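A.B. asks: Place chain P on chain B using the hints.
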Amino acid sequence: MLLKLQKKTLIKSQIIGYAFTLFVGISILLLISQLYFDLKPLLNQESDVFKNQSAIISKRISLLKTLNKDKIYFTEEEILDLKNQDFIEDVSKFKNADFKVQAFTSDSGGFPMFRTDLFFESIPDKYLDVDSEEWKWEESEDFIPIIIPENYLNLYNFGFAESQGLPVLSKNTISNVEFNLQISNRFKSKNYKSKIVGFSNKINSILVPDAFLTWANKEFGNSSKKERTSRVFIEFNKPSDEGVLKFFNENNYTIGKDKLEFSKLLFFFKTALFFVFAVAIIIIILSIAFIFLSLNLIIQKNKEMILNLFSIGYDYKQIAKFYQLTISLTTTISLFLAAVTTFFIRGLYLDKISSLLDFDKQGNILFSFMFIILVILLLIYNWMILKKIRRVCEKGR
Amino acid sequence: MQIELKNVKPKYMSEAEVKASDIYLQLRVVFEKGKKYLIKANSGHGKTSILNFIYGNNLNFEGEIKYDTSFEGKKVFDYRKRNISYVFQDFKLFPELTLFENIQLKNKLTNFKTEKEIEELIKRVQLLEKKDQLVKNFSLGQRQRIAIIRALCQSFDFLLLDEPFSHLDSENIEILTKIIDEELENRNASLIMTSLGEVSFFKYNCVLNL
Chain B
1 MLLKLQKKTL IKSQIIGYAF TLFVGISILL LISQLYFDLK PLLNQESDVF
51 KNQSAIISKR ISLLKTLNKD KIYFTEEEIL DLKNQDFIED VSKFKNADFK
101 VQAFTSDSGG FPMFRTDLFF ESIPDKYLDV DSEEWKWEES EDFIPIIIPE
151 NYLNLYNFGF AESQGLPVLS KNTISNVEFN LQISNRFKSK NYKSKIVGFS
201 NKINSILVPD AFLTWANKEF GNSSKKERTS RVFIEFNKPS DEGVLKFFNE
251 NNYTIGKDKL EFSKLLFFFK TALFFVFAVA IIIIILSIAF IFLSLNLIIQ
301 KNKEMILNLF SIGYDYKQIA KFYQLTISLT TTISLFLAAV TTFFIRGLYL
351 DKISSLLDFD KQGNILFSFM FIILVILLLI YNWMILKKIR RVCEKGR
Chain P
1 MQIELKNVKP KYMSEAEVKA SDIYLQLRVV FEKGKKYLIK ANSGHGKTSI
51 LNFIYGNNLN FEGEIKYDTS FEGKKVFDYR KRNISYVFQD FKLFPELTLF
101 ENIQLKNKLT NFKTEKEIEE LIKRVQLLEK KDQLVKNFSL GQRQRIAIIR
151 ALCQSFDFLL LDEPFSHLDS ENIEILTKII DEELENRNAS LIMTSLGEVS
201 FFKYNCVLNL
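Read top to bottom, the protein sequences are chains B and P. Residues 1 to 397, numbered by our numbering, are exactly what the first sequence covers, in order. Residues 1 to 210, numbered by our numbering, are exactly what the second sequence covers, in order.
Isolated chain B (complex conformation) (with noise of 0.2 Å):
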């Protein structure tokens, strides 16, 4: 009997359209979470060795330069104006090694015999994301671990070893090479072994640990010469600022530009992502702020029948068990509907993402975060339309 009473008060129109705006509102809410949740590995995935969100950048090298090469240096108040940048969160110099290298395979390798000149740099190991096991130095070891620019492997694998007719070398064959490393001044050399411990993208140089070479240039190095530095590794905060291409230009340096777009990319995956999260959350405040209205008019509307009930020995729990019933259904309905709709959308762009990348599939966060989101809802509803009865009931006396 209440129940038909009640029915009545119903706006059908205004429920539907809560479920449709929620429905909306929850399915883009799961979805950009569950596509959150399922690219995160891949836009963590770093390829190379170098945290993201840092470059390299040196003076642009120009006739004049060539000719007087103390302008490729940067001096102490251009790195500290880099510091000053307000997109760059820090700034390490390279350094350089000051003494003589060479690189040499012993006969019982199995790989060809070489013998070359090489240099070294180093730059301070936390911006290096190598196995710190690795990568360490220590003057009683006699191993140096050294890193390469991908594209000297390349050089080798396609130019050199196609054209003398030698093996071609994957990273990881190349990493379980052991060679030889001699380094020495003008009075005294020393021997060391050495192996590959990782490639770079964005550097082209050739790096050993920090620690070896501030030892080996105090060692073998000419202590009378000034330290200097044509190249700096910068770390930025906003790679996507506008500033810093601008920056770059007109003090002349240069910087690897392309090397900034995946930051740069990932910023605006993340924004999009970002901005239709938010356009989600809107949507679903709407739609509650929507539902409170439009259950303050019923109520506000059938407040008489409310307080008769409420005289003839109803208690306000029962007349707002009604209320709360539907709202709460509608929600349920809504929100599992929901769910599965993103379901379905995640199986279709899992479909696509797999078939272009190779990745590892994420678990399904859709269901837990909707019943999360389900049961906050249903605490407030309840809540409410009982505070609201309740109110009306103690008003009317």
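Rather than coming from a laboratory, the hints here were simulated on the basis of the structure. The model shown is predicted, which means the values in this text are computed figures rather than measured ones. Take every hint as true, because none was put in to throw you off.
Chain P is faced by these chain B residues, among others (derived, beta-carbon under 7 Å):
1. M1
2. L5
3. K8
4. N308
5. S311
6. I312
7. G313
8. D315
9. R397
Examples of chain B residues lying across from chain P (beta carbon under 8 Å, computed):
10. L2
11. K4
12. M305
13. Y314
Beta carbons: idealized from backbone N, C-alpha and C, even for Gly.
C.D. replies: Leaving out everything else, chain P in the frame of chain B:
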């Protein structure tokens, strides 16, 4: 159960207005179980108000009302379900429901009468053929009869009647007084009734001027 009033006065009436009252601003007025009370007054003297105060539907009064020992929100509510029934002057019926549904709306809450007993009562007040018609099409007199039957569909120690026969002819009044008398006797319950003047529908134990 008994109902006790101490120094009660509507907040919206002055002391001068209630000077002659047997109830308002009286030190102690007690309604006991098993007795019939008539509260009479002219229009505008707060007859409906006093019943609403007692029922806990209107709290706009000074002084103190007690059911047995207390008069608190939840308790009033429990009493409303078991100990006090009220025939409102404005009936408080639901026009969108049928006659029978209106009565069942209350009876479902209390499960006090069987469907058959209800039908018997409807028949006695000559409305059986209208049992399944919507109340919004009923006359005031018909509505009054339904409101009275509905009020009987619960246990009670006190039955509050607010000018219950104002829209009824003498034949119907006779039928209803008989029904009410029977129900009161069955429950050994009290009656508190308001009316415009001295009326002799029941044998009152006490007549009070408001």
